[in-house]
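Please build the complex by placing chain S on the supplied structure of chain F, with the hints as guidance.
If you read the protein sequences in the order shown, they are chains F and S. Sequential numbering from 0 applies to the first sequence in numbering that gives the first Met the number 0. Sequential numbering from 0 applies to the second sequence in numbering that gives the first Met the number 0.
What the hints contain is simulated information worked out from the structure, not anything from laboratory work. Keep in mind that a hint or two might mislead.
Since the list gives no way to pick out one identical chain from another, each pair is judged satisfied if it fits inside one copy or across any two copies.
No more than 27 Å apart at the CA atoms, straight line, and that leaves these computed lysine-lysine pairs for BS3-like [stated by the list, open to error]:
#1 K20 to K66
#2 K72 to K95
#3 K151 to K194
#4 K206 to K42
#5 K72 to K103
#6 K126 to K72
#7 K191 to K42
#8 K151 to K257
#9 K18 to K57
#10 K42 to K27
Protein chains: 2
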Amino acid sequence: MPVLTLAEAEELVAGALVKAKTDPENAKSVARALIAAEAGGLKGHGLSRVPTYAAQAKVGKVDGFAKPSLEWKKPAAAAIDAANGFAFPAVDLAVKELPAAARKNGIAAAGIHRSHHCGAAGHPVEKLAEVGLMALMFANTPGAIAPWGGSKAVFGTNPIAFSCPLPGRPPIVVDLSLSKVARGNILAAKQKNEKIPEGWALDADGKPTTDPNAALAGTMLPLGDAKGTALALMVELLAAGLTSANYAADASSFLDAKGPPPGTGQLLIAFDPSAFGGGLDHFAALAASIEGQPGARLPGARRLALREKAKESGLTVSDALLAEIKAI
Amino acid sequence: MPVLTLAEAEELVAGALVKAKTDPENAKSVARALIAAEAGGLKGHGLSRVPTYAAQAKVGKVDGFAKPSLEWKKPAAAAIDAANGFAFPAVDLAVKELPAAARKNGIAAAGIHRSHHCGAAGHPVEKLAEVGLMALMFANTPGAIAPWGGSKAVFGTNPIAFSCPLPGRPPIVVDLSLSKVARGNILAAKQKNEKIPEGWALDADGKPTTDPNAALAGTMLPLGDAKGTALALMVELLAAGLTSANYAADASSFLDAKGPPPGTGQLLIAFDPSAFGGGLDHFAALAASIEGQPGARLPGARRLALREKAKESGLTVSDALLAEIKAI
Chain F
0 MPVLTLAEAE ELVAGALVKA KTDPENAKSV ARALIAAEAG GLKGHGLSRV PTYAAQAKVG
60 KVDGFAKPSL EWKKPAAAAI DAANGFAFPA VDLAVKELPA AARKNGIAAA GIHRSHHCGA
120 AGHPVEKLAE VGLMALMFAN TPGAIAPWGG SKAVFGTNPI AFSCPLPGRP PIVVDLSLSK
180 VARGNILAAK QKNEKIPEGW ALDADGKPTT DPNAALAGTM LPLGDAKGTA LALMVELLAA
240 GLTSANYAAD ASSFLDAKGP PPGTGQLLIA FDPSAFGGGL DHFAALAASI EGQPGARLPG
300 ARRLALREKA KESGLTVSDA LLAEIKAI
Chain S
0 MPVLTLAEAE ELVAGALVKA KTDPENAKSV ARALIAAEAG GLKGHGLSRV PTYAAQAKVG
60 KVDGFAKPSL EWKKPAAAAI DAANGFAFPA VDLAVKELPA AARKNGIAAA GIHRSHHCGA
120 AGHPVEKLAE VGLMALMFAN TPGAIAPWGG SKAVFGTNPI AFSCPLPGRP PIVVDLSLSK
180 VARGNILAAK QKNEKIPEGW ALDADGKPTT DPNAALAGTM LPLGDAKGTA LALMVELLAA
240 GLTSANYAAD ASSFLDAKGP PPGTGQLLIA FDPSAFGGGL DHFAALAASI EGQPGARLPG
300 ARRLALREKA KESGLTVSDA LLAEIKAI
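So that you can see chain F by itself, here it is in the shape it has in the complex (with noise of 0.2 Å):
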């Protein structure tokens, strides 16, 4: 299989974006984010996604073009409209403006509106973490997960990403999405003609099944059962009901090129240490209580030991993968 080394295969990224209606800034924080992901083994939001995003691009359903702009409502609020373009770029608005917020009010927040998908809600933590701030984020997605004791959905699976910095060494990163598996883990079992294993998903009445096709026509199940529910409704509340986003049922696929704009929502909140007593000695002691169990590992730890790997050894691409990227 060809491999690419991690800026080859931005260019390659964000080539195919330009040509796919995007401006060439746009398509490189895209290709940033995509190859970031791929990196760190996360290819559920990396590489694959680029024919997709493309094809978004294409017909307008994400405009290419659009800019993001940040309004400071409050001293420590800003409201973000990523104008039914790509996520990244306003993402990485907020992080770029948080920062300075956060340390003269000891918090901020930023909320983003009409975006799209984020990708790996790891990467903006662990970006503000690494200039000393505590941070997290919590994005919603289109509807993936009922109600508890419902059958329709109107949670998406909702990720909630975590960091904390430590001295002298990368920083924590916690980056979770709230739906038990992967919807990819079901398509996976109906190509290969599987039952699914109960727990993972209910079909359109809202009764569990091992079917995967039925679970493909119903809706994921959280992790947890019900406390999962109530943390997927805090997640939409805090990314799409704060920001004025569009919920999970609202919310068209990331995944193809019909219908509007998804429109979903994040929220991104920086946290000054210093502002509230904690510091990078009392993290790092938290740090050595888990390292110091044999067994245990820091979450982020498999990631960032990936992203050492890609970063000398470059990314292997399937022939067909890397074919359908180049004829964008």
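For chain S alone, kept in the frame of chain F given last:
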């Protein structure tokens, strides 16, 4: 069994605490919180706590006379020193001070350290939502959950609470701990000489166990396996890392009168929806999409119904617990 009105129950609890070396105002704050939890069906955070709270105050593990102090270190960030007193007066102070700062800055947060058991984390966020703010609360607790792959508890059961205002009706309230089940379920199995289901707990070597005794000597499993452990780490760092409070592993028990004060932490965050573009009508739309589904309801609805019932019919207390509280 005896029945008390809510006012009688509050008076009973406050009176018992005053007899156990606690300042009357602090005792009232604790009593309000415990009775609100009891009324909402959260008996683990209600009257059952009075004897152990009183025992801790008597020996000074909790300083019943401590007055919390608040410092705005930055315009939107307050550090509250609970001064090794009960958590509730410190939490009350946060709930009192946050609304003005959130309205001015768009978002504001208060970190509490040298704190104690904060009971039902849903209550403070609910009070913030009652004045029109969206709110989050994170708290750490004494060691209960091991890092994924490890065997020593370095995270508490670490509640997350969230509340969102709705127009003309009580707010949505999410309030959950990150352990799969409450420790009380394991104690109950032990008392009945029953095994516990797999997936609830690990033994002292970090191996799955169905023996309640081995589970009590080991650690609790979180909801959602590895993802839940990552969430517990996140809450530990937000509630205790950011606030410079004691981590779970260094916190003495909330349930006995032995050792130094627990010194745990809490973090409350309040958001002014108007500063991010959101608003009550948009929140109501999500509530409607949930309540419109047969079998589905908003989180917190059950507690609200129980509380209304308790207002009318009072609280039923066992003879034994009532006698124990009266004997303090």
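Contradicted hints - numbers only
Checked against the structure, the only hint that fails is number 4, while the rest are satisfied.
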